[in-house]
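S.K.: If you read the protein sequences in the order shown, they are chains W and F. Position 15 (the first sequence) corresponds to 15 in the working numbering; numbering is contiguous. Position 127 (the second sequence) corresponds to 127 in the working numbering; numbering is contiguous.
These are computed hints drawn from the structure, not numbers from a lab. Wrong hints could be hidden among the right ones.
When the alpha-carbon atoms are kept at most 20 Å apart in a straight line, the in silico EDC-like pairs for lysine to aspartate or glutamate are as follows [unchecked claim]:
1) K247(F) <-> D18(W)
2) K247(F) <-> E191(W)
3) K430(F) <-> E374(F)
Per label pair, the in silico range of CB-to-CB distance [as the list claims (entries may be wrong)]:
4) V190(W) <-> M399(F): 32 to 40 Å
5) K186(W) <-> G126(F): 50 to 58 Å
6) D357(W) <-> Q355(F): 26 to 34 Å
7) T230(W) <-> R415(F): 34 to 42 Å
Chain F stretches covered by chain W per the calculated footprint, using a threshold of three residues with CB under 8 Å from any CB of chain W [what the hints assert, rightly or not]:
8) 27-36
9) 101-109
10) 246-253
11) 320-330
Ideal Cβ placement from N, Cα and C applies to all residues, glycine included.
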Amino acid sequence: MALTLMEGNEAIAWGAFDAGCQFFAGYPITPATSIYSAMLQLLPPEGGIVLQGEDEIASMGYCLGASMCGHKALTATSGPGISLYSEHISFAIGSEIPLVIVNVQRLGPSTGSATRGADGDIQFMRWSNTGGLPAIVLAPVDAADCYTLTIHAFNLSERFRCPVFIASNKEIGLTRESVDFDALEKPALVERVVAPEGQPYLPFRPSPDSEVPYFLPIGGERISRQTSSTHGENGYITTSPAEISAQIERLERKLVSAVDSYSFHEADLSAGADTLVLTYGVSARAARQAVNELRGKGQAVSLAVLKTLWPVPTALLRQLAQGHKRVLVVEMNLGQYSREVQRVLTGHEVQHVGQMDGVLIKPSQIKEAVHA
Amino acid sequence: MPETTLLNSQRPPLFCPGCSHDSVLKVLDKVFVNMGLAANQICMVSDIGCSGLFDTFFNTHAFHGVHGRALTYATAMKLCRPELNVVVTMGDGGLGIGGAHVLSACRRNADITLLVLNNFNFGMTGGQCSATTPQDAVVGSGFLNRLDLPLDLQKVARAAGAPYVAVASTYQKDLGAILREAIEYKGFSVVEIQGLCPGRYTKRNQISPKSIAEEIAPAQEFNGEVKENVRPDYGQAYRAQAAAQRKVPRPAGLQALYKPPQEDGRQTVMLLGAAGQRAITAGELAGMAGLLAGLQVTQKNEYNITVLRGPSITELIFSATPIDYTGITQPDVVLALAPEGVERRYGVFAQLPSQTLVIRAAGVELPETRAQVETVDFKALGLNKLDWALGSLAVMAKMNKVISREMLQAALEARFRGKVLEASNQVVDKVYAGAA
Ligand code: SF4
Numbered sequence: 001m002a003l004t005l006m007e008g009n010e011a012i013a014w015g016a017f018d019a020g021c022q023f024f025a026g027y028p029i030t031p032a033t034s035i036y037s038a039m040l041q042l043l044p045p046e047g048g049i050v051l052q053g054e055d056e057i058a059s060m061g062y063c064l065g066a067s068m069c070g071h072k073a074l075t076a077t078s079g080p081g082i083s084l085y086s087e088h089i090s091f092a093i094g095s096e097i098p099l100v101i102v103n104v105q106r107l108g109p110s111t112g113s114a115t116r117g118a119d120g121d122i123q124f125m126r127w128s129n130t131g132g133l134p135a136i137v138l139a140p141v142d143a144a145d146c147y148t149l150t151i152h153a154f155n156l157s158e159r160f161r162c163p164v165f166i167a168s169n170k171e172i173g174l175t176r177e178s179v180d181f182d183a184l185e186k187p188a189l190v191e192r193v194v195a196p197e198g199q200p201y202l203p204f205r206p207s208p209d210s211e212v213p214y215f216l217p218i219g220g221e222r223i224s225r226q227t228s229s230t231h232g233e234n235g236y237i238t239t240s241p242a243e244i245s246a247q248i249e250r251l252e253r254k255l256v257s258a259v260d261s262y263s264f265h266e267a268d269l270s271a272g273a274d275t276l277v278l279t280y281g282v283s284a285r286a287a288r289q290a291v292n293e294l295r296g297k298g299q300a301v302s303l304a305v306l307k308t309l310w311p312v313p314t315a316l317l318r319q320l321a322q323g324h325k326r327v328l329v330v331e332m333n334l335g336q337y338s339r340e341v342q343r344v345l346t347g348h349e350v351q352h353v354g355q356m357d358g359v360l361i362k363p364s365q366i367k368e369a370v371h372a
Numbered sequence: 001m002p003e004t005t006l007l008n009s010q011r012p013p014l015f016c017p018g019c020s021h022d023s024v025l026k027v028l029d030k031v032f033v034n035m036g037l038a039a040n041q042i043c044m045v046s047d048i049g050c051s052g053l054f055d056t057f058f059n060t061h062a063f064h065g066v067h068g069r070a071l072t073y074a075t076a077m078k079l080c081r082p083e084l085n086v087v088v089t090m091g092d093g094g095l096g097i098g099g100a101h102v103l104s105a106c107r108r109n110a111d112i113t114l115l116v117l118n119n120f121n122f123g124m125t126g127g128q129c130s131a132t133t134p135q136d137a138v139v140g141s142g143f144l145n146r147l148d149l150p151l152d153l154q155k156v157a158r159a160a161g162a163p164y165v166a167v168a169s170t171y172q173k174d175l176g177a178i179l180r181e182a183i184e185y186k187g188f189s190v191v192e193i194q195g196l197c198p199g200r201y202t203k204r205n206q207i208s209p210k211s212i213a214e215e216i217a218p219a220q221e222f223n224g225e226v227k228e229n230v231r232p233d234y235g236q237a238y239r240a241q242a243a244a245q246r247k248v249p250r251p252a253g254l255q256a257l258y259k260p261p262q263e264d265g266r267q268t269v270m271l272l273g274a275a276g277q278r279a280i281t282a283g284e285l286a287g288m289a290g291l292l293a294g295l296q297v298t299q300k301n302e303y304n305i306t307v308l309r310g311p312s313i314t315e316l317i318f319s320a321t322p323i324d325y326t327g328i329t330q331p332d333v334v335l336a337l338a339p340e341g342v343e344r345r346y347g348v349f350a351q352l353p354s355q356t357l358v359i360r361a362a363g364v365e366l367p368e369t370r371a372q373v374e375t376v377d378f379k380a381l382g383l384n385k386l387d388w389a390l391g392s393l394a395v396m397a398k399m400n401k402v403i404s405r406e407m408l409q410a411a412l413e414a415r416f417r418g419k420v421l422e423a424s425n426q427v428v429d430k431v432y433a434g435a436a
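Isolated chain F, as found in the complex (with noise of 0.2 Å):
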């Protein structure tokens, strides 16, 4: 037998005599019924204020949450749950404290119905102004609400992008056929629903249901659906993108082909370059290659956020037990190739040994070191800028130092496809076509 009513026997409703949130509560539950809706196939989502009782009212799935934030609740559940019918009560306070969501629903379109019980006020703490509160109304905030302009919401939801808007009085005979086309709506549905809080409002403002129905006629005017807006709505597009997804196949790994040329104990690699020099590939490439020596490999990087600029930092260590500290103080090998990366790790190469070698790209300055230094002039090899990191990896598997030419080899066809494959060739190619 279908149910005669969906609300709360446990919990009756128990709002301010007069309250416009009892009377919507009431055609909601008309409109639940008459849709032939079981409890268990609604969720009623509210926030805080005297609109987030709504939930509790019915005997529905329900979610009561914090201020402003029943919009996020609401979206997944719809996703996780798309037979469900989600339904959102907030007030115009929700509708302030939580903008961006509403903004970023309407742009959104999930499937679910956002009903706004306008009463121009917070009515639990003492009826200050809200985000809707006219500048000539008389409200617990003094003077403020007569500097803030109120928000049009129906203006905002079609501005954002919701493809459902209306906007309607508690007291409209109407009221239930328009809450059932928005929760029958297939997208994101808006309403925003005017109404009297004789707890704070009515006592000092000049309000009737007469006078909320002269004065939202014009915009009654477009209410329904957006056409401008209209698309498919959030769920349905989302499984469509991710069904043509595809699969990540899972780590499978480098197996150990080759000999490192330095078999035993630990190598460190410090990379010194710049924003675009394509630094932190390169030192995976290189942390690649140790792995196909059967080496433990650590990278560590630094950049700044502004990814085009500034300094791009990478520190390698090789070794063939397990590594635990990341950092280090004194590397074995220094790639120099920019002035950004070796201002950075300035102090560093005053405390350089004898044995340390150090790649200087051609015309970058060093501080003084007792490192050997070894000068490439890339530019001469005929290197893109780009490609200066995989450069200087070349010129150490030259040098047999650390990697060998076929570990990067190796490590290049396991990172690399295709013409990508093929110019990173090139690159190591013109390093060893170079003279020494």
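Just chain W, with the same shape it has in the complex (with noise of 0.2 Å):
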């Protein structure tokens, strides 16, 4: 074993490299800066492309049209940039384009702290486009898991053909910490379906047994069409009722019907604890180590760690709280992912443990909790 430090954001650089990524865009912003700088040291030589944005919205606008000409787009930014990538995150959900956005949260709102970290875009990433539709947002604990979730945002991506969000957070992405990169875990890498030959092409029609449309590259040998308007399987404007609904309902069903097939998660749960604590991105490390430390005293309490936010993994959700209580969800805000909990856990306690100060929550806040 040879160990390696290395913090989040170099690991988000490499998982993307590793998923064949050959495309970035972004526009320099603290705590997600460094994502972009290895990315500037990993692709040029390899053939792939690097641009800096003159803003944010641009470097979103790049990455469509890079993920439109058939190549595997990253971009990265912190809550403001999240704010001017909005009206390109629409155009992704809605015109089915590839890509994968890492969101280095720090405490907002608005420019906020530059250097603190936060869990605060939770609900923002889900409701960050026009029309409501849902979006995937992946969150890593740490370094391993910053490589390991790129690789699968990047598999989500093509398979849905949508934008997947990976919710990082300063804590995580500047934080150097060991790994053993060698013995990551890799993900077989998954790519968008191109439309087989000989049969005329319908850009948004879903492919056979599926609800996912084939994919023809802008530039390539057949002719492709995309547009960010309400369009119809042909890809062109539609005012039918029929044709609307059937194409936006679609977009929905596409990921939230298969939500239990990418519900990544960690549970570590203990036969008879009334509690499950349940958490998500760098507050699981806290959760772990209190946890820990009462089962130590004999207390016998459950940890659940989601690592799929959105679409919400009903399904496992329930199965993760059945036999417990009280569901406690601890996460650095105010309480933005405790409502889907609750919302799904109607028959459980739900209480939310959390701050927004610019601190980690630390794991004594939760034992006391946990006591309460």
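The task is to assemble the complex, starting from two chains supplied on their own in separate frames and drawing on the hints.
M.R.: Pasting the structure below:
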């Protein structure tokens, strides 16, 4: 075993590289900039492209153009950048453009604190598009997750033709830690499916037995058409309510109906425990320590760490909560994901443990909440 | 057989009668055909507004996006598909809202063509003023257009670095020749094409093909290549630079070669410094020293965005078992190197137990504490302020706390080469040569 000291942001860049990412565009912003710097080291010598956008809107525009040419594209920013990404997030969702967006969250609102951590954008990422359609959001806990979940994110974006968010945090992105790089889990790669030859291509008709259309790259042999406007299967503007609803409902269904197949998580349940500590992101680290310390004192407590936050893995949540009286949701905000847990686990007492002061939630706070 | 038109038979053009866009569409189609281009050699990129219908009316690759952003998609497409002819159409609306992208495209010089179909108002939303509306025009924005100067795209594009700029009238006979020259130009080419919007603008404003011709005549003198902006296009330049970059080796990791001084349990170190003391780098070195003893390590940093001022704090955990929570409340060692760092963690000192070791740089005031305080006069040891953080690691090693000298030495060798390594070794030597 040979250990490397690596920050989460660097692990994301390597994950993207190993996922076959060939294009990065971004605008410098703390605490996400080191992803851009790492991609600038990794891609150009391998024939890949890295652009520094004139702003965040442009960075996303570059990614959309590149993705429609068939390149796997990555961008990275923080909350203020997600605000500016919004119009192109809507475009990518509505027009099924694969893309991975890293949000290394910092304390908001607005410009907030550039070098303080938070999980304040958890609902924002879900709802950052006009139309309110779902997006996939994955949340890493540490550098190893940053690597593996980035590959999963590319796979999901290719499989469903959609943007996928990585909900990182300054406390993961800029924290260095020891990783056994060669031993990191590397999922098998998934690629978007190119339209078969010899039949007319309808850019937004789902392929047989699937909810996802075939892909044709712009600039390829056969003509490809892309539009941000409300479109039918043929990619032209439509005003037919039937066509419109068929398209839009499919966008929701393709992600939500399949979420059980990508509900990434860790479950560490204790028989007879009353309380389930449910958490995600960097707070999972404090929760693990708290739960271990409580168990050391003979108390039974369950722990679950969600790594797929959106769409809400409803079946998984119910299964994890089964047998527990109380669910403590630990997160670095004022109770964003708690709302979803409350909505799903109607038969449980759901409590939120969290804060927004730029400081990590401490294991002692979680232990106190378990005892309360 | 070459195509006779690249217009989309499934979607015939349907602009208002007399709309200048319709004329430009047909001229552009002829240009493509005369150039002998096939449908799959072209991508039409457009945004919002009546000019945003161009991509639909062509049976080529097509990309229709958000208002003002067409140049961003087009730039990336050209870089990903260097053989593709990428033509962007936008109106004077897209020009205004996408101003940053227009400037950037001029500076960047990707080999794409921008056609700005300027009809002096927002046709689609009811004739409001745009970035090019004359001050004396009557438009749907009340008196507001009397207050803003119209933008002169030709001047702006030339100043921003576009190597090909032209102004044209929809109605001039040789419009096709200008468009062809622009598309064939190797680099970013901008053509402003002025024309009439009978739907919204001509009813209330005196404008005609003749008045347009007169108006643009002086500017047309400057049509064509802009000598001072000529340079290799972005794609060409990018590929040349990229090919010269060195590949980054995959992280190889550090083998565990040494035994840590404290073998069991975990050790936590808090370095309280100031910007300019290389505190974060010292933290990384300490972390690497830990790896060289087979320890798990986390390094959590805190600093202000003004990197040359304010506190610089690094918090390290060393452990034989995996590390979860990365915060430290009761450090085993505190390296107090600057008042800025100490002030930021002021509250920590009162809680330190007596077994905590505080290594204090001479001159740094500490709050009341029960911890064991060792004062080191780094200045007297001959260390520059830049080297105090590394020096404090050497003090730790000398006291056989958390890291040993061989661990630190190996970390320096793994991290640095040449002169930097030499200078770092000297820092360690000076600490070891000093009084205990
Ligand atoms: S509103 Fe003006 S620009 Fe739009 S189609 Fe009609 S005439 Fe042309």
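S.K.: Hints first: check each against the structure and report whether it holds.
M.R.: Do the hints match the structure? See the list:
Among the hinted pairs, K247(F) with D18(W) is consistent with the structure: their alpha-carbon atoms are about 14 Å apart, no more than 20 Å. Only pairs whose Cα atoms come within 20 Å are accepted, and K247(F) paired with E191(W) is rejected, the gap being roughly 25 Å. Between the alpha carbons of K430(F) and E374(F) the distance comes to roughly 17 Å, so the proposed pair stays at or under 20 Å and holds. Between V190(W) and M399(F) the CB atoms are about 53 Å apart, so this pair departs from the stated range of 32 to 40 Å.
Look at K186(W) against G126(F): about 55 Å separates their beta carbons, and that is inside 50 to 58 Å. The hint said 26 to 34 Å for the Cβ distance between D357(W) and Q355(F), and at roughly 30 Å that hint holds. Distance hint check: the CB atoms of T230(W) and R415(F) are about 55 Å apart, inconsistent with the given range 34 to 42 Å. Residues of the region 27-36 of chain F with a Cβ under 8 Å from some Cβ of chain W number 0, which does not satisfy the need for three, so the listed coverage is violated.
Requiring three or more residues with a Cβ within less than 8 Å of a Cβ of chain W, the coverage given for the region 101-109 of chain F holds, as 3 such residues are present. With a cut-off of 8 Å between beta carbons, the region 246-253 of chain F has 7 residues touching chain W; three or more are needed, and the interface restraint holds. Note: the region 320-330 of chain F has 6 residues with beta-carbon separation from chain W under 8 Å; the three-residue rule is met and the coverage holds.
In this structure, the earlier hints numbered 2, 4, 7 and 8 are contradicted, and the remaining ones agree with it.
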